[in-house]
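Undergrad: Sequence:
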Amino acid sequence: MTVNHSEERKSSTRKHNALPKARILIEALPWLTRHNGKTVVIKFGGNAMVNEELKAAFAQDVVFLRQAGLKPVVVHGGGPQISAALDRHGIVSEFKAGLRVTTEDAMDVVRMVLAGQVQRELVGLLNQHGPLAVGMTGEDAHTITATKHQPEIDGELVDIGRVGEITAIDTGAIEALLADGRIPVVSSIARSQDDGHVYNVNADTAAAALAAALGAETLMVLTDVEGLYEDWPDSDEVISRLTATELEKLLPELASGMVPKMEGCLHAVRNGVTTARVIDGRVQHSILLEIFTDEGIGTMVVPDARADEQGDAE
95 MTVNHSEERK
105 SSTRKHNALP
115 KARILIEALP
125 WLTRHNGKTV
135 VIKFGGNAMV
145 NEELKAAFAQ
155 DVVFLRQAGL
165 KPVVVHGGGP
175 QISAALDRHG
185 IVSEFKAGLR
195 VTTEDAMDVV
205 RMVLAGQVQR
215 ELVGLLNQHG
225 PLAVGMTGED
235 AHTITATKHQ
245 PEIDGELVDI
255 GRVGEITAID
265 TGAIEALLAD
275 GRIPVVSSIA
285 RSQDDGHVYN
295 VNADTAAAAL
305 AAALGAETLM
315 VLTDVEGLYE
325 DWPDSDEVIS
335 RLTATELEKL
345 LPELASGMVP
355 KMEGCLHAVR
365 NGVTTARVID
375 GRVQHSILLE
385 IFTDEGIGTM
395 VVPDARADEQ
405 GDAE
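In our numbering, the protein residues as written are 95 to 408.
The set of hints was computed from the structure by calculation and includes no laboratory data. Please note: incorrect hints may appear among the correct ones.
Listed below are the simulated SDA-like cross-link pairs for lysine to any residue, each with C-alpha atoms no more than 25 Å apart in a straight line [as the list claims (entries may be wrong)]:
#, residue 1, residue 2
1, 149, 206
2, 242, 291
3, 242, 231
Across the chosen pairs, the derived CB separations fall in these ranges [as the list claims (entries may be wrong)]:
#, residue 1, residue 2, range
4, 387, 146, 19 to 27 Å
5, 291, 173, 19 to 27 Å
6, 144, 118, 23 to 31 Å
Even glycine gets a Cβ: it sits at the ideal position worked out from N, Cα and C.
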């Protein structure tokens with residue numbers, strides 16, 4: 095009897111290489127079970143929006159969620175692309191109270207970039223994997239309604255143009271798309287409640303409002319940091335989990351760029367969303383790492399009622 099040691103070694107190598115993959119899949123099983131059929135709202139932004147490899151990985155993650163039985167909804171802004179387009183049109187980018195001053199001319203550019211460039215590219219990336227994604231803006235089917243937002247600076251209300259404050263959400267069109275197995279991709283533009291115009295709305299705020307209105311299981315906000323830091327800039331220790339009340343106490347101390355993201359997380363968990371997570375969009379497949387692994391990454395916010403419960407990122 096001849097023993098083919100070469101074939102035995104090949105078989106052993108195949109088993110050795112395959113076993114870690116099987117373990118990863120098994121680790122994901124409880125998370126797949128928990129999230130099956132649940133809606134997940136993902137705010138797409140930061141470096142993940144401009145880096146080609148990260149964009150492709152993001153699209154793969156979202157399609158994976160869909161194929162794994164979840165119902166992803168993507169909400170996006172487009173700060174870098176808007177600034178570049180305004181420069182090309184000779185319109186100066188100005189910010190007040192952390193928000194882009196949006197004149198009538200600027201609003202035309204914002205609308206064109208969000209709905210005609212950023213959304214189209216993202217829909218195209220998603221649809222490389224099948225006829226899944228459908229692009230829309232908050233104007234469509236009255237999905238997002240807003241009124242003029244005037245921030246207060248030094249005790250006075252300031253006019254920053256066509257920047258909106260969300261007053262109503264109609265989830266009908268999104269729910270119809272989800273029921274049809276599609277992935278809605280929503281640009282953060284809103285119809286006016288009162289003056290016939292359209293408004294530029296903060297994408298973090300829009301994602302949180304949609305997550306609450308949809309009764310989503312999870313809101314995920316992609317950022318360019320690892321999460322919410324314990325004692326920035328003196329420490330780079332990331333807070334892995336905190337309650338709504340704990341977050342509310344931290345808000346006044348946060349850097350301006352993190353405020354709308356964390357306010358969005360707070361709004362979400364106080365309005366029916368089970369968890370809200372801020373994750374590092376610079377890490378490839380960060381969405382899958384957060385949802386389907388025991389460790390998780392980033393910062394997770396939970397409602398106060400769940401403070402003592404074990405679960406999502408333990």
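Undergrad: All hints are to be evaluated individually against the structure, with a verdict given for each.
TA: Status of each hint after checking the structure:
| no. | hint | in the structure |
| --- | --- | --- |
| 1 | 149 / 206 | 20 Å, holds |
| 2 | 242 / 291 | 10 Å, holds |
| 3 | 242 / 231 | 18 Å, holds |
| 4 | 387 / 146: 19 to 27 Å | 25 Å, holds |
| 5 | 291 / 173: 19 to 27 Å | 21 Å, holds |
| 6 | 144 / 118: 23 to 31 Å | 29 Å, holds |
This entry satisfies every hint, going by the numbered hints stated previously.
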